[in-house]
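Participant: With these hints in hand, go ahead and build the complete structure from the sequences.
Protein chains: 2
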Amino acid sequence: MNDSISVSELGERPLISRLSGIFSSVHNPDVTLGAGPDDCAVIDISENEYMVITTDMLHRKTDFPLCMTPWQIGWMSAAVNFSDVASMGARPIGFLSAMGFSKDTDLSFIDEISRGMNDCAKFCGTSVIGGDIDTHDELTITGTALGKVNKSELLTRRGAKPGDIICVTGFAGSAGAALHALENDIDIPDSLLNTLLEPIPRVNESQELARTGALTSMMDTSDGLAMSLHDLADLNNVGFKIDEKSLPIQQEIVDFVSSESSVLADFALYTGGDFELLCTVSPDMLEAAQSACYLNVIGEVVDREVGTTLRCRNGENLTINRKGYLQLGN
Amino acid sequence: MNDSISVSELGERPLISRLSGIFSSVHNPDVTLGAGPDDCAVIDISENEYMVITTDMLHRKTDFPLCMTPWQIGWMSAAVNFSDVASMGARPIGFLSAMGFSKDTDLSFIDEISRGMNDCAKFCGTSVIGGDIDTHDELTITGTALGKVNKSELLTRRGAKPGDIICVTGFAGSAGAALHALENDIDIPDSLLNTLLEPIPRVNESQELARTGALTSMMDTSDGLAMSLHDLADLNNVGFKIDEKSLPIQQEIVDFVSSESSVLADFALYTGGDFELLCTVSPDMLEAAQSACYLNVIGEVVDREVGTTLRCRNGENLTINRKGYLQLGN
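If you read the sequences in order, they're chains V and B.
If you're matching positions, the first sequence starts at 1 in UniProt numbering and goes up one per residue.
If you're matching positions, the second sequence starts at 1 in UniProt numbering and goes up one per residue.
Simulated from the structure, these hints should not be mistaken for laboratory data.
Each hint should be verified, as a subset may be incorrect.
The list makes no distinction among identical chains, and a pair is therefore deemed to hold if it is satisfied within one copy or across any two copies.
[As the list claims (entries may be wrong)] List of simulated lysine-lysine pairs, DSS-like, C-alpha gap at most 25 Å:
1. Lys103 <-> Lys323
2. Lys323 <-> Lys161
3. Lys61 <-> Lys103
4. Lys61 <-> Lys323
5. Lys151 <-> Lys161
Facilitator: Structure, rendered in structure tokens:
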């Protein structure tokens, strides 16, 4: 590979693979899963439990819509990390926050960010256990979240196989629709706006689901449904058949996005920020999974060569493209 | 407290205390020590072991001297965190890195940063196990380091008592002198420059020291010797008598800093970036501690009311001020 190219020319996913290659050169006996495609690294801590850990950097310009309150900024910084912990079936046990802000930042602004983090950690059954403060022109927050999980209940992105059912814990496209409303000055209910500004990490659902033993793989939908499906497809060497009529689209967004089903499907597939859990379930254990928490069945896992497609209302099969929310290129 | 003041008016240490107050409002049964004055949070993971975790945010402008190579930037980002793990007597078990850089950053630059992190993690007996990449105007790196420690060997900043001996693992003021040389275009040997640009986290010394059971408290000297002494003094309600003639000043810096002992003492006390370990030792176990690793005795722990003072070569006792390297105000 030619080294004189920029990181955006390479793109986010290939860059992650490249760095994982550098980082995997050292054997680490403490680590069960590391520096790879999963949402968290997994550390062996005792006979029965793993610890999972994840870190996520957020910035004022790119990650926090202008209308966000400081409390929401704090909540969001914690929520994105706890969502990754949830993706592994783990119980959150702590959050660390490294914050960079300019020297003239008002103290009450930092207090409110901290309260938002604290409230999100509390909602997730845990607390903020450490951090760092630093000076910086642009507000920057790097969160790190930790969880514990019984070894038998750990879920990763690997394990989906043809015949499994694919499900999602809530709606798809709601946060994207809320962002669309914000960007176009469309007035929407607070409840919908909050799917974007105060996302709920599915930490309880995650643990309930993991306990059933019914799931074969899991990840969150923060980069959008299509991107998540493609990540699972690549890792497991499978494809997905998704039913357009089963896409869990929140009724309220129809009013201001479009009543056209193809437009709604695009929002559900190709916008990010929802932080729901996407999981594959053994077909004979679907009932057990559905008894654990509210779960929308959206399709099935198929052979790789079938590809990842959307079975439209008109009977047509459309390819679901690999696109969604990415920081760097595509 | 009036909320309309800025964070720099409040200062770094009071801000940390204030945020710790917000974060300590939630009880967390998984956490033994959290969100407080120590270098790491401490998590209970099994019958015999604790996990320690720390996070640190670094920026291009404030934390990486201009002459730093990308490899050194990566090394430094990992080293500052591993030094915090070392401060607790723990064995490093992993590192996570969240990096923000502009889209036009050259790929080879990111590769080199990653190799520097990887090499530092390898030096510390572990590896890079996860991370995040993000776009950002200014290069920003938040590292998170993890360690494990036997419960009986955990060291914290608390425990120093009058009569204990205070020691440091290496020199004081070397990194500060190197920075002074850089800022004044003074040519110095690479070995000295590298105390600033490629600091060695004392991870091996730390574990050897912890095993002796001779230490009563420990922290690193990254914010400077004076600041570290005051942190220990405040937490333990003690003072320190430091011998000027025992200050471990590297001979090479005399050549370009000054031959005047008071100037050299100022460098040793009031400049940061050394990443040595500062520890208090039970007087009857000093020999055991000194057999574990190279250790400079610099003075003794005294009663609080005696204060923290420097016994000068001329017999005078000078107050050691609370100053050093801080991000925000004083």
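Participant: Please go over all the hints and tell whether each is borne out by the structure.
Facilitator: These are the hints, each one checked on the structure:
no. : hint              : result
1   : Lys103 <-> Lys323 : between (38 Å within a copy, 18 Å between copies)
2   : Lys323 <-> Lys161 : within (23 Å within a copy, 61 Å between copies)
3   : Lys61 <-> Lys103  : both (18 Å within a copy, 14 Å between copies)
4   : Lys61 <-> Lys323  : within (22 Å within a copy, 34 Å between copies)
5   : Lys151 <-> Lys161 : within (21 Å within a copy, 43 Å between copies)
In summary, the structure agrees with every hint in the numbered list given earlier.
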